[in-house]
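Student: First to last, the sequence lines map onto chains A and B. Under my numbering, think of the first position of the first sequence as 1, with each following residue one higher. Under my numbering, think of the first position of the second sequence as 277, with each following residue one higher.
To be clear, the hints were calculated from the coordinates, so they are not data collected in a lab. Among the hints, erroneous ones may be present.
[Claimed, not checked] Some chain A residues near chain B, calculated using beta-carbon distances under 10 Å:
id	residue
1	Ser44
2	Ser66
3	Met134
4	Asp138
[To be verified] 30 Å max Cα-Cα, derived BS3-like pairs, lysine-lysine:
id	chain 1	residue 1	chain 2	residue 2
5	B	Lys609	B	Lys630
6	A	Lys70	B	Lys329
7	A	Lys222	A	Lys103
8	A	Lys70	B	Lys351
9	A	Lys116	B	Lys631
10	B	Lys609	A	Lys70
11	B	Lys351	B	Lys591
[Unchecked claim] Which chain B residues face chain A? A few, computed with CB under 7 Å, are given here:
id	residue
12	Gly310
13	Val333
14	Val339
15	Ser496
Glycine residues also receive a C-beta, built at the ideal position from the N, C-alpha and C atoms.
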Amino acid sequence: MARAVTPRRKLFNTLLAWAVGMIIFFPIFWIFVLSFKTEGDAISTPLEVLTSAWTLESYAVVQDRSDYFKHFTNSVIIAVGSTLLGVLVAVPAAWSMAFVPSKRTRGILMWMLSTKMLPAVGVLYPIYLLFIEMGLLDSRTGLVIVLMLINLPIIVWMLYTYFREIPVEILEAARMDGASLRSELLYVLTPMAIPGIASTVLLNVILAWNEAFWTLNLTAAKAAPLTAFIASYSSPEGLFYAKLSAASVMAITPILIMGWFSQKQLVRGLTFGAVK
Amino acid sequence: MRFNKLISAAAAATLMASGVAYAETLTIATVNNGDMIRMQGLTDDFTAKTGHKVEWVTLEENVLRQRVTTDITTKGGAFDIMTIGMYETPIWGKNGWLVPLDDLSAEYNAADILPAMSGGLSYNGTMFAAPFYGESSMIMYRADLMKKAGLTMPDAPSWSFIAKAAREMTDRDNDINGICLRGKAGWGEGGAFITAMSNSFGARWFDENWNAQFDSREWSDTLNFFVNMMTDAGPAGYATNGFNENLSLFQQGKCGMWIDATVAASFVTNPKDSTVADKVGFALAPDNGMGVRSNWLWAWALAIPAGTQKEAAAKQFIEWATSNGYIDLVASKEGWANVPPGARTSLYENANYKKVPFAQMTLDSILSADPNNSTVDPSPYVGVQFAAIPEFAGIATEVSQEFSAAYAGQQTVAEALAKAQALTNDAMEAAGYR
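Could you put together the complete structure from these sequences and hints?
Tutor: Structure below.
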C-alpha cells in the first residue's frame, strides 16, 4: 500500500527539490549574466554585476575573433558521429550479452566498464603516436573513433539493460517464423528497444559534446570542437570573464536546448530499470 | 587565336601553380593574452605581405604547455609555430626539438633584441625562440594610499619598507589590503613569486651538487616573512590567489600594493576596467640588501618545431611578428601603450614610448634580472623564478602545493619546508642528479 504524503511533507519536498535545482543551475545562470556585462563589470560585486548595464559587447568580440560555426559543426559531427558509430557496434554486442549470455558475460561487462576507470592521460602518448602514424591527428574521423571507443562501455551497458527487459520469447517467435539474425535485430529487437536506444543516443551525444580531454589534445585548427573554442578564452594572466562566459553560453546553448526538448527520454533512460 | 588562348592558359596555370607552391597555411599555437589576441587581429597584414595564411590555435597557458609538449616530444607536426616561454626554450633547444633562429634577415636586426631576452631564449649561444614580448615583475602601488599612510615609495625599495608600508596601508574596515601577492599553488603561479622572492633573501633551490636547500635559514626567513606580512596585510584567502584574483582586487581598489608581472601595468592603468587607473605608481621589486632583487624574467616567444615542412614561411612569420615593423603597426592602430613590451632595445629609445608611464620601470625591471646569476650563492641552474631542467615543473608544482597549504594554515612553515626538502631530494635522486 502506498504511503500517504502529508501536504506539509509535499511542500517540504517541493521546496527542497527547487533549492537543489537552483543550486545546480546557479553557475549556468551566472555565466549567462556575466556574458552580458563588460569585463570591468564582470569582476565587481554580485550586486553591482546585477545592477550594471547589459551589453552584447562580449558576444560581438567572440563572434569577431573566433569562427564559432566551424567549431559548432565539428562538435555536431564528432558528437553525433561517435554516438551513432557506438550504437552500431553496441547493438549486436548488447544483444549477444542479453540473449545469448555465456558464463563470462558478466565478467566481460565488468571489464568493459573498468576501462572507464583508467585515467585518460595514461594512454595519451600511445594514442597520440597511433594518430600520427595513421594520419588522424586533427581530424574529425580520428575524434569520432576515439570518442566512440571511450563511450562504448556506457552504450553497451545501457543497451544491455534495456534489452534484458525485452522478453526473449518474442525473439524466439521471430526465429520460428524464419527471421534471420539480421532481420531479428533490425525488425524485431530494434523497434522494441527504440525508447532505450533513444535515451542512450541522447546521453552519449551529451557526453561526447562535453568531452574536453581528447578533443583538446588531439586537435589543432581543423577539427577543434566547441571545447577548444571555450578553452581559447580562458587565461591565467588577464581578466576575460565576460568573453569566457559569452563563449561558454554559445557552446552550451545547443546542448541545453537539445536536453530541454528531450528531458522526458533522458530521465526515462537514466531511471530505466531502477523501479521494478 | 587558338595559339594565343593556349599561351594564356599555360601562363595562368603556371601562375596558379607557383602561387599554390608559395602560399602556405601556418598553424600557430598560442596563449590567450591581450598581446597575442591583438596579433591575431593584425594577421591580415602578414598575409598581405607574404601571401601565407595563418590558422590560430589559442589555448589557456597550462593546456597549451601540455598540448605543445605532447606534440613536440612525439614529432606530431600539428603546429608550425609554437608559443613557448623561457623555461621550455633552452631545454627543447638542447634536445634538438627546435629550429635554430640564427639565420634571420639583416632587416630583422636580431642584435636589437634585449640581451636578457635573447640570452634566456638561447642554448649554447644559439637563439631558438624569438621574443614576442618580455616581462619582469615590479611593484604597482596606490599612490593615494601611500600618501595617506605618510610614506613615499622609493624607486628601489627594500622588503622591510614594503612590509611596513603594507601594514600602514591596510584598512580592514574599508576592505583595503596593504599588499596582494600570489599564494596559489602551481610553479608558474605562487611558485614563481616565492622563488623570485627567495632569491632576494639569499635562498636558492639547489646547491652546486643539486641538493635541495629548503632546510636553509634563507628559505625559512623567506617563507616566514611572506606569511607574517600576508597575515597582517594581505587579503583573506590569499593562499588561492593568483594573477587574475589579485588583478581583480587591485582594479577594484582593494589592494595598496601588488607585486606581479609588468604586463599588468597596462591593465591597472586602463580606465575602462580599473577603478584606480589614475592613482597607480610603479617601483622596482624589493630587495633585501643582498644584491639580488625579487623580480622575475619571462618571455613569451615564438619557436619553430624541428621537422616542420613550412620552415621558411614560419621564419617569415616570426620575423614579422617580432620585428620593429610590427611594433609600429600596433602603435599606429592601438597606441604606444599597447605595443608588445620588453623585447627590443630600440623600443625603449623611442620618444613616443618613453611617454608611457610604466615603460621605463618595465625596462629597469627586465634589466635587473639575470637568469644566469639569479641567486646570491652560486647555483647550478639557469633561470630566475625557475630552474631550467625538465624535472622542475613537476617538483615545483608539488613544492608550491606544500607552501600554499602553509599559507592556508593547514600546516606550519617548518612542516612545509621539511616536506619540500624531502620531495625535492627524492625527485632529484630519481632523476639521477644526485
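Student: Of the hints given before, which are not true for this structure?
Tutor: Of the numbered hints, 3, 7, 9 and 15 do not hold.
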